[in-house]
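Top line first, the protein sequences correspond to chains B and D.
Heads up: the first sequence begins at 12 in my numbering, then just goes up one per residue.
Heads up: the second sequence begins at 2 in my numbering, then just goes up one per residue.
Wrong hints could be hidden among the right ones.
Calculated pairs, SDA-like style, for lysine to any residue (alpha carbon to alpha carbon, straight line, at most 20 Å) [unchecked claim]:
#1 D:K193 with B:K23
#2 D:K4 with B:P93
#3 D:K4 with B:E46
#4 D:K188 with B:A89
#5 D:K56 with D:A39
#6 D:K154 with B:A32
#7 D:K154 with B:E46
#8 B:K23 with D:A101
Hints were generated in silico from the structure; no laboratory data involved.
Residues per chain are reported as follows:
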Amino acid sequence: MHEFGITESIIKIALDKANEAQASKISQINLVVGELSGFVPDCIQFYFNFLSKDTTAEKATLHFELIPAQLRCRDCSAIFQPENSEWNCPECHGQSVEIIGGRDLYIESMEVE
Amino acid sequence: MKKIEVLQNILEANESIAVRNQQLLDKHKVFAVNIMSAPGAGKTSLILQTIARLKNRLNIAVIEGDVASTLDAEKVKNEAMEVVQINTRNMPESCTLIAAMIEQALKDLPLEDMDLLLIENVGNLICPAEFALGEHKRIVISSLPEGDDKPTKYPLMFTNADAVIINKIDFLPYVDFDIPVFRRTVKGLNPKTRIFELSCKTSVGIEDWCNWLLQEVEAYLLQVKSA
Ligand SMILES: Nc1nc2c(ncn2[C@@H]2O[C@H](COP(=O)(O)OP(=O)(O)O)[C@@H](O)[C@H]2O)c(=O)[nH]1
Ligand SMILES: [Mg+2]
Ligand SMILES: [Zn+2]
Chain B
12 MHEFGITESI IKIALDKANE AQASKISQIN LVVGELSGFV PDCIQFYFNF LSKDTTAEKA
72 TLHFELIPAQ LRCRDCSAIF QPENSEWNCP ECHGQSVEII GGRDLYIESM EVE
Chain D
2 MKKIEVLQNI LEANESIAVR NQQLLDKHKV FAVNIMSAPG AGKTSLILQT IARLKNRLNI
62 AVIEGDVAST LDAEKVKNEA MEVVQINTRN MPESCTLIAA MIEQALKDLP LEDMDLLLIE
122 NVGNLICPAE FALGEHKRIV ISSLPEGDDK PTKYPLMFTN ADAVIINKID FLPYVDFDIP
182 VFRRTVKGLN PKTRIFELSC KTSVGIEDWC NWLLQEVEAY LLQVKSA
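Bound conformation, chain B alone:
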C-alpha cells in the first residue's frame, strides 16, 4: 500500500530535520493524520519499524494525532462531523457538503536528543 512511500517520506523529512538540528537521536515524531487522508497509522508504524533501522530515527515513538473529518453544509453553512458514512447535514438534511477538515497529513514536531 502507499503507506510504504509515505513512511519513507516521513523518515526522510525527520532525518533531514534532525541533521539540521545536529541531533544524534530522534526519540519521538509527532504526526497529524486526518481521518479523510486515507492513511492508516498502523501501516505507517509497521513500515516505520523496519525502514528506520540503522538510522537516528530507529526506535523513535510515532505519535499520531488523528483529526476527524469536518464538513460544512453548502445550504445552511452548518459545520459538523459526519457520523460513519452519513454525510447529510444534521441541521437541514442538505446533501451538498464541503470538506473543511480531516485531510491533514504532516509532521507537526519531533523530539530529539
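Given chain B, put chain D with the ligands in place with the hints provided.
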C-alpha cells in the same frame, strides 16, 4: 531532550514533482488527463473509445499504470500514437501512480508531437485521490455493476474530480443503480463536476464525452499559446 517544530506536509515531495511535470507538459502544449476508477470500471475501454473518436483531430499518447501486466498497454498500442507502460509492482506505491513515475514516463514520450496524454491510473478508488501527477483534469469512472454508493464510500476521489463518468449504462435494466441518487451525491460533494452517462460497449454517450474533452483541449491550447 529537545522539541523541534517541523510542520511539513508529507505529500509535498510528490506535489512538487507534479508541478514540474505540469510545467513540462505546458511547455510542449500537452493536455494531460488522469483517469481513475476501481478495477474493471472501464478505464482501458474508455481510452480506446476516446482515441478512436479523436485520433483524427488530436495526437494522443497513453501512459498505462498497472500493478503487473502489460495487457492494457497491448490493447492500446494499435490505437495510440505511443504507449508507455508503468508496472507499479516493484515500486514503493503499488496502489497508485505517483508523480515520480510520470516524470520518468514523460522522458519516453514524443511530447513535441503530442496534444493529449491519457493516463490510466491503477485500479483503486482510495490511493490515487491523494497523489497529484501533474495532470490538467481528473476523471473518475464508476460503472453500474459497482453500485451507486461509491461516492459515499470514497468521497475524496469524487470531491477532486473534474468529470465523473457513469459507465456500462447498458447494464441499467439488470442492476439496481439509482442514477439520480448517484448524481445527487456526486453534485453534493462537488457541485462543479461534469457527469457523463455512457457505455463503452454500445458507444452511447461517448460522443458527448469526447466533445467535452475536445473543447477542454482546445481551450487549453488557446490558453497556453497566449501565455
Ligand atoms: N457491458 C459493458 N461492458 C463494459 C463496458 N465498458 C467496459 N466493459 C467491460 O468491462 C471489462 C473491464 O473493462 P476495462 O476497460 O478493462 O476496465 P479497467 O480495469 O478500468 O481498465 C472489460 O471486459 C470490458 O469489455 C460497458 O460500457 N458495458
Ligand atoms: Mg485497464
Ligand atoms: Zn445544512
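Checklist entry - Is the Cα-Cα distance between K4 of chain D and E46 of chain B 20 Å or less? => result Violated. K4 of chain D to E46 of chain B sits at ~26 Å, over the 20 Å cutoff.
Checklist entry - Given the hinted pair K193 of chain D and K23 of chain B, is their alpha-carbon gap at most 20 Å? => result With Cα atoms ~37 Å apart, K193 of chain D and K23 of chain B exceed 20 Å; violated.
Checklist entry - For the pair supplied as a hint, K23 of chain B and A101 of chain D, is the alpha-carbon distance within the 20 Å limit? => result holds (16 Å)
Item to check | Distance restraint between K56 of chain D and A39 of chain D, which requires alpha-carbon spacing of 20 Å or less | outcome: Cα-Cα ~26 Å, so violated.
Next on the checklist: Between the alpha carbons of K154 of chain D and A32 of chain B, is the straight-line distance 20 Å or under?
Outcome noted: violated (43 Å)
Next on the checklist: Holds or violated: K4 of chain D and P93 of chain B, Cα atoms, limit 20 Å.
Outcome noted: With a Cα-Cα distance of about 34 Å, the restraint between K4 of chain D and P93 of chain B is violated, given a limit of 20 Å.
Checklist entry - Is K154 of chain D close enough to E46 of chain B, meaning Cα to Cα at most 20 Å? => result It holds: about 13 Å lies between the C-alpha atoms, which stays within 20 Å.
Checklist entry - Does K188 of chain D pair with A89 of chain B here, judged by a C-alpha cut-off of 20 Å? => result holds (18 Å)
Against the hints set out earlier in the document, violations occur for numbers 1, 2, 3, 5 and 6.
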